[in-house]
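J.: What follows is each chain in one-letter form.
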Amino acid sequence: MEQDVNITIIDREGVSHSIEAPTDMAMNLMEVVRSYELAPEGTIGICGGMAMCASCQCYVLSDTALPEKQDDEEAMLSEAFFVKDNSRLGCQIQITPEMEGLKVQLAPAE
Amino acid sequence: MIKTDILIIGAGPTGLFTVFEAGLLKLKCHLIDALPQAGGQCTELYPKKPIYDIPAYPEILAGDLTLKLLEQCKQFEPGFTLGERAETIEKQEDGSFIVTTNKGTQHQAPVVAIAGGLGSFEPRKPLIDNIAHFEDKGVEYMIKDPEIYRDKKVVIAGGGDSALDWSIFLSDVASEVTLIHRRNEFRGHLDSVEKVQELKNQGKINLITPAEVVGILGHDKVQAVVVSQAAHIPKDFEVECDHFIPLFGLSPKLGPIANWGLEIEKNAIKVDNSLDYQTNIPGIFAIGDVNTYPGKLKLILCGFHEATLMCQSAYQIINPGKRYVLKYTTVAGVDGFDGTRKEAPKAVVKAFD
Chain A
11 MEQDVNITII DREGVSHSIE APTDMAMNLM EVVRSYELAP EGTIGICGGM AMCASCQCYV
71 LSDTALPEKQ DDEEAMLSEA FFVKDNSRLG CQIQITPEME GLKVQLAPAE
Chain B
46 MIKTDILIIG AGPTGLFTVF EAGLLKLKCH LIDALPQAGG QCTELYPKKP IYDIPAYPEI
106 LAGDLTLKLL EQCKQFEPGF TLGERAETIE KQEDGSFIVT TNKGTQHQAP VVAIAGGLGS
166 FEPRKPLIDN IAHFEDKGVE YMIKDPEIYR DKKVVIAGGG DSALDWSIFL SDVASEVTLI
226 HRRNEFRGHL DSVEKVQELK NQGKINLITP AEVVGILGHD KVQAVVVSQA AHIPKDFEVE
286 CDHFIPLFGL SPKLGPIANW GLEIEKNAIK VDNSLDYQTN IPGIFAIGDV NTYPGKLKLI
346 LCGFHEATLM CQSAYQIINP GKRYVLKYTT VAGVDGFDGT RKEAPKAVVK AFD
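Line by line, the protein sequences give chains A and B. The numbers in the first sequence follow the numbering used here, run straight up by one, and end at 120. The numbers in the second sequence follow the numbering used here, run straight up by one, and end at 398.
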């Protein structure tokens with residue numbers, strides 16, 4: 011589909027997946043991971059995407075320009091575990107055409 | 046021993062609506078929940094957030110939905126065992142089940158309905174190597190009895206409401222309270238943040254930010270924690286204490302239910318969706334977010350539907366062979382177990398003069 015972007019997601023087992031993510035379905039990165047079942051149900055997106063758990067934490071590996079963190083994402087990451095400088099919450103990253111080539115790695119499950 | 050008709054595990058929206066549907070069939074319910082209050086995720090995670098897909102409610106706050114469900118089922122007098130987690134289930138010779146909680150409370154019912162959502166909420170434990178060694182020896186993830194901290198030195202870690210509120214509370218009880226958080230900003234209610242600031246200025250709370258507890262010291266019990274505050278002081282330092290209380294919120298875990306011999310798929314309980322949401326163990330049903338079947342959607346409104354059909358099967362199990370016909374509440378009214386009756390007003394027949 012022409013409105014899809016190509017992104018790479020490394021799952022929690024270290025396996026790399028090259029997938030196409032739609033930009034026209036208001037999907038965020040956490041939802042893309044779930045739709046491709048790259049992490050077991052019940053281990054990702056637990057709060058439903060409200061930045062109230064850190065189950066969709068991922069490390070951004072590419073230098074893709076992403077929207078700035080909002081306060082609630084910043085606050086949640088400050089209480090999450092396994093946090094690194096490139097940590098983001100997948101549920102707060104809406105998939106847009108600018109994300110072509112994005113590469114992320116899922117953080118370990120807590 | 047608490048005896049009831051339907052024992053519901055989980056007091057979220059699906060569990061609460063089950064009480065109403067069961068009540069219409071004259072079946073009594075008792076609910077167990079690991080959280081100290083009813084409402085499940087709706088009250089624990091997002092009470093102030095709106096939900097837009099509850100039929101007939103264009104918008105309702107999750108906390109208000111819980112209050113409405115409690116009000117709707119009130120006349121069926123549900124029993125509650127709150128703050129306790131369902132731990133074991135044992136089938137009895139008469140076909141009933143005995144469910145025992147982690148605190149030893151026993152419940153007996155012919156039908157068990159698991160409406161456990163994502164599982165029971167357990168405290169998130171920080172990743173400190175030797176923390177397990179100090180559990181109940183000075184490390185507590187939840188404050189149950191504040192009195193044990195009287196005249197003790199306490200270190201609290203976390204940046205949310207519970208960390209702030211307990212720091213405030215314990216500043217009057219403990220001999221010393223230290224609050225450690227990874228950032229300078231806290232995300233609690235504004236007045237809690239201000240109160241902590243005030244207590245800090247008065248020297249009643251020792252605030253260390255941005256910092257992190259990275260180790261625990263002691264032999265048989267906690268004697269100090271190791272604090273890393275790299276941004277300001279390149280070297281880790283120790284804070285002497287009797288108790289270390291990490292308050293990093295709760296996260297749901299399927300927990301002991303996973304060991305009840307139920308068929309589990311994708312962290313959820315497999316059920317028969319062609320009929321009544323029964324599990325592989327007859328008499329045990331799973332409804333709401335906790336179950337899975339082809340095409341499952343984790344929506345509150347789907348949980349309501351599942352609860353309604355489940356109650357029909359529960360009726361058959363509890364009243365074998367007994368006749369039953371569906372009644373509309375508009376026609377039949379609602380007779381509460383508390384003696385109340387709700388009914389549609391009778392139409393008045395009046396002839397023209």
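Quick caveat, the hints were computed from the structure, so don't treat them as lab data. Built from N, CA and C at the ideal position, the CB exists for glycine as well. Any given hint might turn out to be false.
[Claimed, not checked] Quick partial rundown of chain B residues pointing at chain A, CB under 10 Å, derived from the structure: (1) K148; (2) R232; (3) L299.
J.: Which of the numbered hints above does this structure break?
T.: The structure conflicts with hint 1 only, although it agrees with all the remaining ones.
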